[in-house]
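Asker: Construct all of the structure, not just a fragment, from the sequences and the given hints.
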Amino acid sequence: MSFIMQAPYPALKTTSLLPSPQFANTQGLKARLKSVMRSMNNRRYTYVQTNPDQTLMFQFLMTRAKSLEVREFILLYFGSRIKVTTHEGEVWLVRFVNDPFEFTGERRAEPAREMYTINLTMRGQRMN
Amino acid sequence: MALRVTQQNLEVLSDGSGGKLRVTQQYVEVMGVSGSYQTVNDPISFSDSATDTDVPSGTTYNESVTDSMSVADSATEVVNRAGVASNSLALTDSAGQNDDHAVSGSNALGISDTATAVGDRPLSVSDTLALTDMAAEGDERIVSASDTLDLADIAGRHLDASASNDLTILADAGSAVADRPASGASTLALSHEADYEHDLPEIAANALGITDAAVASGDRRLSVIDAISFVDAASLPIKSAAAFSDLSILTDAAAQSGLTFASASDALALAQTVANGVIFVSVSDAMSLTHSPYAGQNITAAASNAIVLSQSDAPGIYFALGADSIVFVQLAEGDIAGTFIRAVADSLGFADAGVGAVHDFGRQLAHSMSLVQAVAVGQPKYVTAADILSLANIPDQHQGVANISIADPMDLKNVASRIQFGTASSTLTLTQAAFRRFFASTVLTLTSSAIGQIAKPMSDTLSLTDTAGRLLVFVRPMADSLGLVSSVTAFIDEKGALCQYAPYIGDGPGAGIPASMPTLGTAKLTLTYPFVAPTTTLVLRNPQFGNVDRLSFDRINRETRGGTLIMFADLAWPRQQTLNVTVTALTKQQKDNLLGFLALSVGVEIGLLDHESRQWKGIIMTPDATITNNDRGGYTVTFEFEGALL
Chain H
1 MSFIMQAPYP ALKTTSLLPS PQFANTQGLK ARLKSVMRSM NNRRYTYVQT
51 NPDQTLMFQF LMTRAKSLEV REFILLYFGS RIKVTTHEGE VWLVRFVNDP
101 FEFTGERRAE PAREMYTINL TMRGQRMN
Chain D
129 MALRVTQQNL EVLSDGSGGK LRVTQQYVEV MGVSGSYQTV NDPISFSDSA
179 TDTDVPSGTT YNESVTDSMS VADSATEVVN RAGVASNSLA LTDSAGQNDD
229 HAVSGSNALG ISDTATAVGD RPLSVSDTLA LTDMAAEGDE RIVSASDTLD
279 LADIAGRHLD ASASNDLTIL ADAGSAVADR PASGASTLAL SHEADYEHDL
329 PEIAANALGI TDAAVASGDR RLSVIDAISF VDAASLPIKS AAAFSDLSIL
379 TDAAAQSGLT FASASDALAL AQTVANGVIF VSVSDAMSLT HSPYAGQNIT
429 AAASNAIVLS QSDAPGIYFA LGADSIVFVQ LAEGDIAGTF IRAVADSLGF
479 ADAGVGAVHD FGRQLAHSMS LVQAVAVGQP KYVTAADILS LANIPDQHQG
529 VANISIADPM DLKNVASRIQ FGTASSTLTL TQAAFRRFFA STVLTLTSSA
579 IGQIAKPMSD TLSLTDTAGR LLVFVRPMAD SLGLVSSVTA FIDEKGALCQ
629 YAPYIGDGPG AGIPASMPTL GTAKLTLTYP FVAPTTTLVL RNPQFGNVDR
679 LSFDRINRET RGGTLIMFAD LAWPRQQTLN VTVTALTKQQ KDNLLGFLAL
729 SVGVEIGLLD HESRQWKGII MTPDATITNN DRGGYTVTFE FEGALL
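Protein sequence lines correspond, in order, to chains H and D.
Letter 14 of the first sequence, counting from 1, is numbered 14 in my numbering, and no numbers are missing.
Letter 420 of the second sequence, counting from 1, is numbered 548 in my numbering, and no numbers are missing.
Please keep in mind that the hints were generated in silico from the structure rather than gathered at the bench.
All C-beta atoms in this analysis are idealised placements derived from N, C-alpha and C, irrespective of residue type, glycine included.
One or more hints might be untrue.
Sample of chain H residues facing chain D (criterion: CB under 8 Å; computed from the structure) [as the list claims (entries may be wrong)]:
{"hint": "1", "residue": "14"}
{"hint": "2", "residue": "15"}
{"hint": "3", "residue": "110"}
Answerer: Okay, structure coming up:
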């Protein structure tokens, strides 16, 4: 299934289809445990910082042409909200939090000339 | 006539000094012939004349002669046993003139006839005054005859019993003496008055019955006129128990008989007043009238009916025009003094409705009501004066009739006046409703006035409060634009789009990414210095895989307490595009040339043509890059170039 990125949210105008990300994609909460305290009777007191957002990190291996498309997508919508439909069908409303965005030439490919990889780190909330 | 002595009295007194007597009083009664009484006659004759002698020159001519003669004749008896006392007075009064230049002659005869009894035991007193006034009868050459008889007959008394006054007058003019009377006129003027001079009268009744008829007999009559005017007044002196004035049973009819008559008119004019004195026990003034004109035709061109208090119209089959007006004035006056009257109430109950059935379109029904209600109190003290006027004016409408206009004006004038206030209230309640109006307008006119007869400083305040609530608005320049955008996007999830430059660009606000992929070629990595009009060119090998195309942006990230990421980035802010290039297998000469180029172009924009034949303009960010000779094959260098694609 394709990895779909649509921007800008909510007035979606541009849609970019990416291949499924490479393995080792990550997903994590933004909630944090600020501190843990223990009393004299060994009772723990925790102070947390909740956050509805989650952080997603995907690595994509794509052709040169697709990398140029993603490059143009990022140049235009790096500060906008993006609607992402993952390869698993999850719909997320995220923002790119990469700094910087690095397109790395990996290898030669035919007829695509070369293959580039990019890591996209996103933060947002799941819509469905 | 022989006289004889009937009685002789002699009074002799003694002087008390020795037997001498003297006659002190002697009384002799002399009576007449037996069987007859002596009468006392007291004839008196007067002759009085007044003449005027004119002086031919130097003296004003006297145009009038006045002759007044006063005669007083009385016959009394001084004895206790009076038989009869009679008094006859014959007067002859004539006024004549011997002068040939006489202008006029007047004759005034005043008669005062009084019969009084002054004795201790009066039996009866009768006073008969018989007058005969006759003018010029028996002469066949009489053109006109007028006879005026003025009578004043007054029966007064000073004791409580009864006083009656009967006055019978027969005035007849134009009797059938002459065969051809030119005109006959009979004028009867009556003044009938019953009053009391006593301070405490019990009853004063005044009944006046009049029958006035003018009848003309004969074969040829020109006109018959019968006019009757009647004034009935019951007046009260300063103090009276009751005054009742009843004007009723008055029938005035004008009827015409005969085969042909031009018109029949019936005018009934009444004026009824109740005059009151200073102190009232009760005052009533009731007037009941019924006045209706009746026209006996089936079709009337116009019918009008003006009436006070009661009015009804009996129309014919069709009305061309109908008018209904009613005027009503009711006034209650009361003088409040002492303990008799505490309050004066003037309540006006009035209902006026205009009802009409409109059979055709375009007719108009007008219903106007005009009311004036006033309560006036003329005394300096009173308890309360209330003037309440309650009105409900609702025009009735008939359903199913279109195109009619209904006018419902209501003019009200409510006046409450007084002199000294205990409490005074003037309440005006209006209820006005309009139904089924094509055009509705409501006008309310209020008039407030305070009227005082004998007033201390008074005030009349008509306060109307009309409040229009308004929020004070401060105008601040502000703009609130509602931005609405519409966008549409569509895509086809196909595998071919995953490896190609194939963005799906819909429609919406803002710019979009280039629809077509930039053109990529094949070239060697070439550095030129300067960018404009390069003088030094360095050609290197293409970079190794692992070259990085880095994009960096300036963005502001903030996180709220709730964990929401707020990101702001302006598209005008700078964007850094950096190429990280690693070049291997450089020869020694290439290494030296690179070092020379780096030394030459430190911090200066150069041109870079990458292996995809894309031209860049920028600077080398790492001029101190280390060039490594890591094997026998050559040198390796890694540097970064920051610039922009051209």
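Asker: Take the hints in turn and mark each one as holding or not.
Answerer: The hints, checked one at a time:
{"no.": "1", "hint": "14", "result": "holds (6 Å)"}
{"no.": "2", "hint": "15", "result": "holds (4 Å)"}
{"no.": "3", "hint": "110", "result": "violated (12 Å)"}
When the structure is compared with the earlier hints, a violation turns up for hint 3 alone.
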